[in-house]
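**Q** Sequence:
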Amino acid sequence: METFEAIHSRRNVREFDTRPISDADLDRIMDAAWRTPSSRNSQRWEFVVSTDRSTLQRLSGVWRGAGHVAGAAAAVALVSPLSDDIDERGSIEYDLGQATMSVMLAAADLGIATAHASVADQALARDILGLPGDRRCAWLISLGYPAGRPLRPITRPDRRPFEDVVRRERF
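Just add 12 to wherever you are in the sequence shown, counting from 1, and you've got my numbering.
One or more of the hints may lead you astray.
As the list claims (entries may be wrong) - Derived DEER-like restraints, expressed as beta-carbon distance ranges: (1) 164 to 52: 35 to 43 Å; (2) 182 to 136: 27 to 35 Å; (3) 15 to 139: 22 to 30 Å; (4) 66 to 134: 40 to 48 Å; (5) 97 to 161: 38 to 46 Å; (6) 160 to 102: 30 to 38 Å; (7) 94 to 160: 35 to 43 Å; (8) 145 to 59: 17 to 25 Å; (9) 14 to 139: 26 to 34 Å; (10) 32 to 139: 35 to 43 Å; (11) 35 to 144: 19 to 27 Å; (12) 160 to 56: 33 to 41 Å.
Treat the hints as calculated values from the structure; they're not laboratory data. Nothing here was measured: the structure is a model prediction, and the numbers come from that model. All C-beta atoms, glycine included, are put in the ideal place defined by N, C-alpha and C.
Kindly produce the complete structure, drawing on both the sequences and the hints.
**A** This is the structure:
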């Protein structure tokens with residue numbers, strides 16, 4: 013798939029079929045995460061990839077909207093350091109957003125669907141993933157092959173009109 017085809021095809025999918033994702037494809041997706049730019053190249057992240065069915069089931073309990081993780085073939089936990097500095101936290105969140113999109117686009121390029129989830133229960137996530145006390149699980153991304161229609165370019169996306177969002181030179 014070409015870059016723009018992946019961008020146009022990516023959508024949140026919360027129901028997956030039972031096919032596993034090959035280690036080679038997971039490594040390719042994680043290579044995209046690893047190569048993601050970060051503020052001052054600080055790379056304040058780690059990624060925990062889970063494919064174990066019982067782990068995915070448990071991870072689905074970290075937030076009320078994370079149920080899709082239980083049926084996924086894999087999940088990526090985006091882990092970051094804890095910080096009391098508001099500027100540093102903002103920078104970390106921006107970097108994690110970039111890594112999230114890298115994972116999602118790399119997956120879409122392979123025909124693998126994704127959905128993201130917040131993590132409300134940090135104690136549960138820390139226990140499941142074995143995170144040290146100075147880290148938090150910021151986000152989860154579920155991955156799998158769509159149970160319904162495969163990924164393909166969306167011809168009429170549910171987006172605000174392009175002209176209302178993109179400005180030239182001034183607002």
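**Q** If a hint holds in the structure, say so; if it doesn't, say that too.
**A** Now for the hints, and whether the structure bears them out:
no.: 1; hint: 164 to 52: 35 to 43 Å; verdict: holds, 38 Å
no.: 2; hint: 182 to 136: 27 to 35 Å; verdict: violated, 47 Å
no.: 3; hint: 15 to 139: 22 to 30 Å; verdict: violated, 38 Å
no.: 4; hint: 66 to 134: 40 to 48 Å; verdict: violated, 20 Å
no.: 5; hint: 97 to 161: 38 to 46 Å; verdict: holds, 44 Å
no.: 6; hint: 160 to 102: 30 to 38 Å; verdict: holds, 37 Å
no.: 7; hint: 94 to 160: 35 to 43 Å; verdict: holds, 38 Å
no.: 8; hint: 145 to 59: 17 to 25 Å; verdict: holds, 19 Å
no.: 9; hint: 14 to 139: 26 to 34 Å; verdict: violated, 41 Å
no.: 10; hint: 32 to 139: 35 to 43 Å; verdict: violated, 25 Å
no.: 11; hint: 35 to 144: 19 to 27 Å; verdict: holds, 26 Å
no.: 12; hint: 160 to 56: 33 to 41 Å; verdict: holds, 36 Å
This entry does not satisfy hints 2, 3, 4, 9 and 10, going by the numbered hints stated previously.
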